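Residue numbers (my numbering), protein chains in the order written: chain A, 2 to 353; chain B, 2 to 353; chain C, 2 to 353; chain D, 2 to 353.
Mixed in with the good hints there might be a few duds.
Where chains are identical, the list cannot tell them apart; a pair therefore holds if satisfied intra-copy or between any two copies.
Only pairs whose alpha carbons sit at most 25 Å apart, straight line, appear in this in silico SDA-like list of lysine to any residue [said to hold, decoys possible]: (1) Lys204 - Asp180; (2) Lys333 - Arg285; (3) Lys31 - Gly284; (4) Lys126 - Ser330; (5) Lys314 - Gly9; (6) Lys210 - Leu52; (7) Lys203 - Ala341; (8) Lys181 - Ile15; (9) Lys204 - Tyr145; (10) Lys333 - Ser143; (11) Lys181 - Gly343; (12) Lys314 - Thr46; (13) Lys333 - Phe147.
Calculated directly from the structure, the hints in this document are not laboratory data. Please read these numbers as outputs of a predicted model, since none were measured by experiment.
4 protein chains.
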Amino acid sequence: MIVVMKAGSPEPEIARITEELESRGLSPEKIVGKHKVVLGVVGDTAELDPLQMQEISPWIEQVLRVEQQFKRASREYRHGEASEVVIPTPNGNIIIGEHRPLVVVAGPCSVENEEMIIETARRVKAAGAQFLRGGAYKPRTSPYAFQGHGESALALLAAAREATGLGIITEVMDSPDIDKIAEVADVIQVGARNMQNFSLLKKIGAQDKPVLLKRGMAATIEDWLMAAEYILAAGNPNVILCERGIRTFDRQYARNTLDLSVIPVLRSLTHLPIMIDPSHGTGRSEYVPSMAMAAIAGGTDSLMIEVHPNPAKALSDGPQSLTPDRFDSLMKELSVIGKAVGRWPEPAMATV
Amino acid sequence: MIVVMKAGSPEPEIARITEELESRGLSPEKIVGKHKVVLGVVGDTAELDPLQMQEISPWIEQVLRVEQQFKRASREYRHGEASEVVIPTPNGNIIIGEHRPLVVVAGPCSVENEEMIIETARRVKAAGAQFLRGGAYKPRTSPYAFQGHGESALALLAAAREATGLGIITEVMDSPDIDKIAEVADVIQVGARNMQNFSLLKKIGAQDKPVLLKRGMAATIEDWLMAAEYILAAGNPNVILCERGIRTFDRQYARNTLDLSVIPVLRSLTHLPIMIDPSHGTGRSEYVPSMAMAAIAGGTDSLMIEVHPNPAKALSDGPQSLTPDRFDSLMKELSVIGKAVGRWPEPAMATV
Amino acid sequence: MIVVMKAGSPEPEIARITEELESRGLSPEKIVGKHKVVLGVVGDTAELDPLQMQEISPWIEQVLRVEQQFKRASREYRHGEASEVVIPTPNGNIIIGEHRPLVVVAGPCSVENEEMIIETARRVKAAGAQFLRGGAYKPRTSPYAFQGHGESALALLAAAREATGLGIITEVMDSPDIDKIAEVADVIQVGARNMQNFSLLKKIGAQDKPVLLKRGMAATIEDWLMAAEYILAAGNPNVILCERGIRTFDRQYARNTLDLSVIPVLRSLTHLPIMIDPSHGTGRSEYVPSMAMAAIAGGTDSLMIEVHPNPAKALSDGPQSLTPDRFDSLMKELSVIGKAVGRWPEPAMATV
Amino acid sequence: MIVVMKAGSPEPEIARITEELESRGLSPEKIVGKHKVVLGVVGDTAELDPLQMQEISPWIEQVLRVEQQFKRASREYRHGEASEVVIPTPNGNIIIGEHRPLVVVAGPCSVENEEMIIETARRVKAAGAQFLRGGAYKPRTSPYAFQGHGESALALLAAAREATGLGIITEVMDSPDIDKIAEVADVIQVGARNMQNFSLLKKIGAQDKPVLLKRGMAATIEDWLMAAEYILAAGNPNVILCERGIRTFDRQYARNTLDLSVIPVLRSLTHLPIMIDPSHGTGRSEYVPSMAMAAIAGGTDSLMIEVHPNPAKALSDGPQSLTPDRFDSLMKELSVIGKAVGRWPEPAMATV
């Protein structure tokens, strides 16, 4: 349920209404939009009568039900307004959102050693990326495959952050690791395989760092938004939704089916910002540029692209990684689309 | 197997090689590329030795095996060169291909009456479409649903063609109807549900009109190219491949999953031109613009978009149809992307 | 809508009601159940009031709406009673239905030559099969693969029928072939790839031979029943539904996913009899016995099993074909389950 | 790689070979089969020459490579012999395996209160079940849905165990909970959504209680066996594989697609025992009996069936739960199939 306040509602009145709702056992959350304040209300609202609720205050413009199963994640919960995730990095605040320039995350699948991660960070920064991705803890299908360097890789990510000022995005696989990852990461990633690891979602929702929530391989849009709802309900409003390909009947050429239609679908259902990962989404580096172009034209807010200094020797995901040179030229190609749709960052970017 | 001829190979020598190959029970097909002539050879080539084949003539540069199951449809069969489908229409030849401007097909799901089809044709032409789509024979899930007006609808399509000069694309559902459809249609469509109706594919391959082959709902890329191979093997080289969404586990918001990754995948595998249908691909008109934008940026050669003068009253597919006004504004949006990637038709288009 | 008549309703009254319904533009169909007569009514019934309808005659017990999209195929249409398909063969009438002994169809994927088909027919008959399957027209993914011997194979099937008395089941791929297939076949099969070839369904519904309708690879249960509805609506009530595996994300070991849950699902939704094809359903002969056992225990009415005298040399589907010896031993294994559930044919079967 | 010892190999020689292999950096594991001893060897074996390995001792019969990606889980790793999971319960050891009588697990989705869980335990025991299932920690799609009573539910499970002597199976969702669950559970379940929660798999592999590993909704057979491999590689050999339905394009009637073909597929690939869960597999109680029958005839080693004293009022999964009465009658029906295939427990079971 949302309570839409009239423009110019006085703060003390909003506070009074909040208290009134809390006294009825509800959990109101104040959302300050561009023009209006909205109180999002989650709780046992099924029996409440919106018309009666409206009588709580003459400053209430409207009381509306959220029809979706997901409440805090729904677009209605913010009365139609998009939310933005603001991420402080050494290079300044980076903002991911519907009305913001495209944000690009790049880097290797996993952190292999200091030289490679710092070298990659320098190259992707020079090409225009604002974030470095890199796995310290890696979810691998086989227990005998490289599992990531773990804690020592976190130190290398910290070094790359210091060397370049890039924000860091890295994945958490187990709840006891959250704290040490949060010390280094600017955004904590929940991987596709853990999208419905609800215990992890609750704990990551209880800490402060923004969360990148990858879509599970067989997750419906609703499943995905309900997973985001777990994080939001635990108190963390900064969730970015990342499509990375779903599993379908055809895996012969593209490893997954990148579902770009999530862009308009999510846009209509949720206020949360969107990221597209064409590297995992297709599984082959030669398909990445076309899908990155498509994602921007389709309206994504951000992109995640795997870059490795030597894909042929990568410890993981080599076939889907671009070389730094190819990434560099791709960024120039992307800028053509980005500028055409008015989503390319203006002054500071290397490719301009 | 392909026989690549040296640049400047004399015609009589090419003819001699062709005869030689035929005398060995093979079916050579001469393909004139920009720089070279290639002889595509299908038949019992498994036992042939490429090196020995090369000795047939000093003008042979190289003999290569086509590794794919699809032979004539493979990119190798044309030694890496894209093919183009040239379609004569009253307004002149329209060419669909990788190095050509984007071609737009628009129109209603089904032909309902003369006024609506001619009105729609006028509007989509004014907005910049080169082809009118419209079903005379409709594959419907229910036998009690509107099945299309059949032969009388063909006459209405002919009238719309005459009134506007637009090329006509309409679907064939049964082999005995091919002839009468070919009298009116400039391109004959094989629908998703008939993609593996091999009897129909053989017969449609034996006539001259270009063929639009829609991907089946559960067809792998390989299945799809093998279906194209049926048409090519029957003698018709003019096949356009149209992605229209596949069936996956999530059908709650988008009715199908539009698989835009076919663009780079097909580009690497086949020389045939590509069309994307975001209307069937998503099933909802509000998702169509975003996916049409994405398709162009991703590299499609053509688009098919459903337009109906009054979607709410459409006899079929109303929810996925744009109004003529929305189509008009969409074409302007598309032109921004189309121009950015250098694929927008220059002079004659209304939106310029 | 169905009109349930009271027990003992006089024939003239039923005839009068039928006429009355026809005069209102409806299409009533008389269904004689074990205890009652039901009039199934299809047509523009949405506006009719069941209570008013009941006043047509005091012999009407109840008028009920069919809620499903499929009408004639729905279980409600027969007021909950199962239908049976009676198939005359040289060996007598074979009946497939929920309350009948299990019927087994066996034979090769395709008819290769006279010796193999007659030999196979003899062997599967001796083991207890009542029908011989064998393809004359074969839907093959590749145009270069063996396409079936066509008309000449029909003659061989006729010979096998004469030699053994077994009923013949063979596939139609194109509507112009229906007549010549109907001359030989006791049951005409519509293959998975043509399940939504609606033109073919209409034409096959307009002839008299019973129809085996295979489920499409991506057909939902509802799609499948709607396809059956096409045949029923065209006048042919004798449809058997055959599950043969659906296409899912995992095709590494089993080629398709055999969906045995269709047995209870179809049982609750439709009166039509059920067949399970574990050969196509799994794609590997070593998985067939386990799934055939499961199908019987799960409640199937019939089984289709591929048998080939020499699977390693089969022109098609070798890997999923049993040898006659293995089929023989499988029938003995099946009889254990069949007897346990009271569905094994008593006297005449070789394995008894 | 496996080292097959000759029958009668002396223990000291086997110990010597083990040491020899360890000195080469490999991890040999001694598997005592019915007739032979096999040493399973995991490690960097790619470069080793089996013939040279054989020279280590004249008591070595054969050295074979395991071709599959999964090593310890592969059937080859035990030289073709099935493994059994022995589970001590208050009522004695229960053994799940290919050559053992069927084991039945029954109980509610979640533990709701003491009365219901003890009542249910008594009823399912009386009907012939050997294990009680019941969730303390529940993975729910919505954060607002009942999440299980957690630790207090564990105490109620302990009470039900004491009251009936049944073994307890309950799910772990988060690694920090493993210890307290292991205190109560006789088998610890890893749910479908956590099948690729590799951190959890490693930790659960490092404790002693047997593990029930449910198949993920979009997990291929290979993914699933690789997940089992994580547990085995961490030192716990007691893994039971439970199929509970996969996610496909059709979810209208059955909520998932129960993939019974895993029975023959797993049997050929792995030595691990198999469980089928038709309750989650179909999502509707009316489909459960048919699929339970099919599973036994198809060869499953165990069944998991949801039973709730009042499904209409269940806090979770009501629609797929049987009443105790229905479960009772189902067990009688199952015994018919179980006896026919020689897998029904003989003396002690209530239904005999």
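How the hints compare with the structure:
For a Cα distance limit of 25 Å, the shortest separation of Lys204 from Asp180 qualifies both inside one copy, at 10 Å, and across copies, at 19 Å. Only within a single protomer do Lys333 and Arg285 lie at most 25 Å apart by alpha-carbon distance; the minimum there is 20 Å, versus 33 Å between protomers. In this assembly of identical chains, the alpha carbons of Lys31 and Gly284 never lie at most 25 Å apart, being 41 Å within a copy and 36 Å across copies at closest. For a Cα distance limit of 25 Å, the shortest separation of Lys126 from Ser330 inside one copy, 13 Å, qualifies, whereas the shortest one across copies, 37 Å, does not.
For the homomeric pair Lys314 and Gly9, neither the shortest alpha-carbon distance inside one copy (60 Å) nor that between copies (43 Å) is at most 25 Å. Within a single copy, Lys210 and Leu52 get their C-alpha atoms no closer than 38 Å, and across copies no closer than 56 Å, so neither meets the 25 Å cut-off. When the C-alpha separation of Lys203 and Ala341 is checked against a cutoff of 25 Å, the pair qualifies neither within a copy, at 40 Å, nor between copies, at 44 Å. In the homo-oligomer, the alpha carbons of Lys181 and Ile15 never lie at most 25 Å apart, since the shortest distance is 38 Å inside one protomer and 45 Å across protomers.
Taking CA atoms no more than 25 Å apart as the test, Lys204 paired with Tyr145 passes between copies only; the shortest distance there is 16 Å, against 29 Å inside one copy. For the homomeric pair Lys333 and Ser143, neither the shortest alpha-carbon distance inside one copy (37 Å) nor that between copies (42 Å) is at most 25 Å. Proximity of Lys181 and Gly343 under a CA criterion of 25 Å is satisfied in neither setting, with 38 Å inside one chain copy and 48 Å between copies. For the identical chains of this complex, Lys314 and Thr46 are inter-copy neighbours only, at 21 Å across copies versus 56 Å inside a copy, given an alpha-carbon limit of 25 Å.
Taking the shortest alpha-carbon separations for Lys333 and Phe147, neither the intra-copy value of 33 Å nor the inter-copy value of 50 Å comes in at or below 25 Å.
Consistency note: the structure conflicts with the earlier hints numbered 3, 5, 6, 7, 8, 10, 11, 13.
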